[in-house]
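Q: Keeping the supplied structure of chain A fixed, place chain B upon it in accordance with the hints.
2 protein chains.
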Amino acid sequence: MSTSVENSVLAAARAAKDAQPALARLHRGAKDRVLGAMAEALVARAEEIVSANARDLAAADESGIAPGLRDRLALDPERVGAIAQQLRDAAALPDPIGEVIRGSVLDNGLELREVRVPMGVIGMVYEARPNVTVDAAGLALKAGSAVVLRGGSAALHSNTALIAVLRDVLAEQGLPRDLVVGIDEHGRDGVDVLMRSRGLVDVLIPRGGAGLIRRVVENSLVPVIETGTGKTHVLVDASADLDQAVDIVANAKLQRIGVCNALETLLVHRDIAAEALPRLTAPLVEAGVRLHADEQAAALLEGTGAEVVPATAEDWDTEYLALELAVAVVEDLDTALVHIREHSTGHTESILTRDLRSQQRFLAEVDSAVVMANASTRFSDGGEFGFGAEIGISTQKLHARGPMGLREITASKWLVVGQGHVRP
Amino acid sequence: MSTSVENSVLAAARAAKDAQPALARLHRGAKDRVLGAMAEALVARAEEIVSANARDLAAADESGIAPGLRDRLALDPERVGAIAQQLRDAAALPDPIGEVIRGSVLDNGLELREVRVPMGVIGMVYEARPNVTVDAAGLALKAGSAVVLRGGSAALHSNTALIAVLRDVLAEQGLPRDLVVGIDEHGRDGVDVLMRSRGLVDVLIPRGGAGLIRRVVENSLVPVIETGTGKTHVLVDASADLDQAVDIVANAKLQRIGVCNALETLLVHRDIAAEALPRLTAPLVEAGVRLHADEQAAALLEGTGAEVVPATAEDWDTEYLALELAVAVVEDLDTALVHIREHSTGHTESILTRDLRSQQRFLAEVDSAVVMANASTRFSDGGEFGFGAEIGISTQKLHARGPMGLREITASKWLVVGQGHVRP
Chain A
1 MSTSVENSVL
11 AAARAAKDAQ
21 PALARLHRGA
31 KDRVLGAMAE
41 ALVARAEEIV
51 SANARDLAAA
61 DESGIAPGLR
71 DRLALDPERV
81 GAIAQQLRDA
91 AALPDPIGEV
101 IRGSVLDNGL
111 ELREVRVPMG
121 VIGMVYEARP
131 NVTVDAAGLA
141 LKAGSAVVLR
151 GGSAALHSNT
161 ALIAVLRDVL
171 AEQGLPRDLV
181 VGIDEHGRDG
191 VDVLMRSRGL
201 VDVLIPRGGA
211 GLIRRVVENS
221 LVPVIETGTG
231 KTHVLVDASA
241 DLDQAVDIVA
251 NAKLQRIGVC
261 NALETLLVHR
271 DIAAEALPRL
281 TAPLVEAGVR
291 LHADEQAAAL
301 LEGTGAEVVP
311 ATAEDWDTEY
321 LALELAVAVV
331 EDLDTALVHI
341 REHSTGHTES
351 ILTRDLRSQQ
361 RFLAEVDSAV
371 VMANASTRFS
381 DGGEFGFGAE
391 IGISTQKLHA
401 RGPMGLREIT
411 ASKWLVVGQG
421 HVRP
Chain B
425 MSTSVENSVL
435 AAARAAKDAQ
445 PALARLHRGA
455 KDRVLGAMAE
465 ALVARAEEIV
475 SANARDLAAA
485 DESGIAPGLR
495 DRLALDPERV
505 GAIAQQLRDA
515 AALPDPIGEV
525 IRGSVLDNGL
535 ELREVRVPMG
545 VIGMVYEARP
555 NVTVDAAGLA
565 LKAGSAVVLR
575 GGSAALHSNT
585 ALIAVLRDVL
595 AEQGLPRDLV
605 VGIDEHGRDG
615 VDVLMRSRGL
625 VDVLIPRGGA
635 GLIRRVVENS
645 LVPVIETGTG
655 KTHVLVDASA
665 DLDQAVDIVA
675 NAKLQRIGVC
685 NALETLLVHR
695 DIAAEALPRL
705 TAPLVEAGVR
715 LHADEQAAAL
725 LEGTGAEVVP
735 ATAEDWDTEY
745 LALELAVAVV
755 EDLDTALVHI
765 REHSTGHTES
775 ILTRDLRSQQ
785 RFLAEVDSAV
795 VMANASTRFS
805 DGGEFGFGAE
815 IGISTQKLHA
825 RGPMGLREIT
835 ASKWLVVGQG
845 HVRP
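One line per chain: the protein sequences are A and B, in this order.
If you count the first sequence from 1, position 29 lands on 29 in the numbering used here, and the numbers rise without skipping.
With the second sequence counted from 1, adding 424 to any position gets you the numbering used here.
In short, the hints are calculated from the structure, not lab data.
If you're wondering where the values come from, they're calculated on a predicted model, not measured in any experiment.
Even for Gly, the Cβ is constructed at its ideal location relative to N, Cα and C.
Treat the hints with caution; some may be incorrect.
Claimed, not checked - Computed beta-carbon distance windows for the label pairs:
1. B:R831 / A:Q360: 18 to 26 Å
2. A:E111 / B:R452: 24 to 32 Å
3. B:V467 / A:R341: 34 to 42 Å
Unchecked claim - In silico negatives: residues of chain B with every beta carbon more than 12 Å from chain A:
4. N431
5. R457
6. E464
7. V467
8. G492
9. R503
10. Q509
11. R512
12. R601
13. G611
14. D616
15. V617
16. G652
17. E726
18. L747
Unchecked claim - Computed from the model, here is a short list of chain A residues facing chain B with C-beta under 8 Å:
19. L112
20. I248
21. L363
22. M372
23. A373
24. F379
25. F385
Bound conformation, chain A alone (with noise of 0.2 Å):
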């Protein structure tokens, strides 16, 4: 990688630790009229973003992208208008700085705060996508940090238009610009470099696919927030009520398909396989998916028409985020339980049952970020959790697990308040 690469990213990680500072003295009122500003100046500039934006079509065109990966980039003035809305929206949350998390008066006379403070630098680093460059920023700058964005080169120019749009408000409103800073004009060793920036990023976090996350997870040396892979399962107890099993399974796999939350095994207690399996399965044949399913599950389904193939070792640790679904028939409670530990991602797994031993055994000893009973596994949402705004889904233990909202990209610090206190 050459040197000027590497000087540039790190300069860029200092500007933003520089900058925060001055952001991290905003309450809250001056914060959200800055979001308000960015808005505004977003729908104004509009035309501006819009014909970057073609610029990074014609690009994606010539070079064949996909139709999905060129709806998620493309832009026009309605979706400015959504991406404004964003920040808003953001506005509009609570400030989670300055909250007490706890406190107390120590024996000695010592009083004792822990509270909410800025992560400080925040590295994102994203697919093309625009929306998530003002997303993240418009989020890292309402939870009081400076934000570092890396966003894929397919959307280069119009990442480069809307991250000017947002320092200039900045700017204009007496902030400093390096509050937001883009790399993506360094392209990948970019990345390399934000990796190892270690004492001037806070935080790092990817959103993406797998190949993505898991590069960044093995090559930095900034702490890192894990999102994102959710190889999801539903377990049908036998004292399921089905008709509500039937719709929960036909929501979770079909109400979004390629989404982290959505349904990717279905596990079924061998006591109910063989009436369940044909009514469970009837609603997702009936929309185009594919069963990969066991021996045992393969014999129940057959002629109801699915289109079934036989499930390999591979099927129980595949997130499809497509029209495809693995099966198996479970022994019992236990069996599945076995089953997701040794498959799930640690993402989302719900149970459907009657049964208060057997829901109380599944919340307890399945170790997901979101263990869920007689629900469909698409609540697991920063935005169903009522957080308002959602970072991504962290599947690691440290720090945040689950829907991540302001709150999980902020820091805390303690205060002591003395009198002349000693320690004897």
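A: Just chain B now, kept in the frame of chain A:
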């Protein structure tokens, strides 16, 4: 590195991971009984432990160990008794597991709870201090986690003996021995494998010198909690109560020299420096502290009998852990804040002042784990904070910041209970 070390350490980590669910199911009473039985067994088998320790001491003497390190390594029946007492103290602490951190019923009737759960497998890498072996194991078990211990080759026989006692008790109590696993026999290579055991070990906590911590932070694929180095500052403001300040500075520097919350840099406001510096340093000089002073401070200390050497650029970033202190005169509060921002390791800083605005600004603007007013930095400690135990002091912002007790080595998960809920 040999494949056999790799296989052995990964097998040990996997064994700990497989053992952990048995512990996760225990409630407080059962866990405390195990800790009590371990304490008893340590006392009963003290002779065996002390004789293993004698082998380590003989080897250490042969290689010419420093007296301080030898003292930390040495065990006698009384010290084994003190180690056993650590386990009884851990048993007496409240159980962090199961705490409902937050919860609500959503608009749609979904019941949402975030609950505290065990971390899973905790890796501890530390230096040749056998008491840490038992302390770390006891606190991990109390917090529901299995533990993989790597404690410095110089304590190999002592640690092996201690771990054997703990594992025997686990088996007697009907629990898997592998809840406590030692990997000392694999030396430094073992640490390298442990650092790559992502997916088996949930968090790695290095405790010890700056070199050890840096090595783990820079090489670990497993998430790390960085502990330790404290380049700790006290600022004596223009309005400080000088009598109090003299006591606090002496306490912060002298009460215990070699610890991370001991004072390392003294900043004195220009307006009070001429009067304050001689008085503040008198007790330090008497105790044999050498002062690394900037030009202004050196001039004011002339003729006081203090041993003064000119501060070099390096002094502002050195954690002495010795009878040495960096001293500077600062222009005003802003200059002090800039100095701290540039040179602090983010551990603990304290302002001594009678001015409300100065105290407010210092508490708000210093970005360290513990920020104090009118108190000795020596209070930055899990025991003093009332945590009952201390795993270490985190100087990073992710997950835990400042003194870490039981709560800081746990994770959380979300429980979502519905009645057939699907997402519209």
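Q: If a hint holds in the structure, say so; if it does not, say that too.
A: Results for each hint:
One distance hint, 18 to 26 Å for the beta-carbon pair B:R831 and A:Q360, holds here, with the actual separation near 24 Å. Distance hint for A:E111 and B:R452: a CB-CB separation of about 30 Å, consistent with the stated range 24 to 32 Å. Taken as a hint, the range 34 to 42 Å holds for the pair B:V467 and A:R341, whose Cβ atoms sit roughly 37 Å apart. With a cut of 12 Å on Cβ distances, B:N431 stays outside the contact zone with chain A, its closest approach being about 20 Å.
Even its closest Cβ contact with chain A, about 20 Å, leaves B:R457 beyond 12 Å, as expected for a residue assigned away from the interface. The non-interface label for B:E464 is consistent with chain A: the shortest C-beta to C-beta separation is roughly 30 Å, beyond 12 Å. B:V467, annotated as away from the interface, keeps every beta carbon of chain A farther than 12 Å; the closest lies near 30 Å. Residue placement check: B:G492 keeps its beta carbon more than 12 Å from all beta carbons of chain A (closest about 21 Å).
The beta carbon of B:R503 sits about 24 Å from the closest Cβ of chain A, which is more than 12 Å, so the claim that it is off the interface holds. No beta-carbon of chain A comes within 12 Å of the beta-carbon of B:Q509; the shortest separation is about 21 Å. The claim that B:R512 lies off the interface holds: its Cβ sits roughly 21 Å from the closest Cβ of chain A, which is beyond the 12 Å cut-off. The claim that B:R601 lies off the interface holds: its Cβ sits roughly 20 Å from the closest Cβ of chain A, which is beyond the 12 Å cut-off.
Distance to chain A confirms B:G611 as a non-interface residue, since its nearest Cβ pair spans about 24 Å, more than 12 Å. With a cut of 12 Å on Cβ distances, B:D616 stays outside the contact zone with chain A, its closest approach being about 15 Å. The beta carbon of B:V617 is kept farther than 12 Å from every beta carbon of chain A, the shortest such distance being approximately 15 Å. Every CB of chain A lies more than 12 Å from the CB of B:G652, the least distance being 15 Å, so the non-interface label holds.
B:E726, annotated as away from the interface, keeps every beta carbon of chain A farther than 12 Å; the closest lies near 28 Å. Listed as outside the interface, B:L747 is consistent with that label: its C-beta sits roughly 18 Å from the nearest C-beta of chain A, beyond the 12 Å cut-off. The interface hint given for A:L112 holds, since its Cβ lies 6 Å from the closest Cβ of chain B, which is under the 8 Å cut-off. Below 8 Å, beta-carbon pairs count as interface contacts, and A:I248 has one with chain B at about 6 Å; its hint therefore holds.
For A:L363, the suggested interface contact is upheld, since its CB lies about 5 Å from the closest CB of chain B, less than 8 Å. At a threshold of 8 Å, the smallest CB-CB gap from A:M372 to chain B is about 4 Å, leaving the interface hint in force. Interface restraint check for A:A373: the shortest CB-CB distance to chain B comes to about 5 Å, inside 8 Å, so the restraint holds. Taking 8 Å as the C-beta contact cut-off toward chain B, the hint placing A:F379 at the interface holds, the least distance being around 6 Å.
Against a cut-off of 8 Å between C-beta atoms, the interface hint on A:F385 holds, since the closest Cβ of chain B lies about 6 Å away.
Going through the hint list in order, the structure satisfies each hint without exception.
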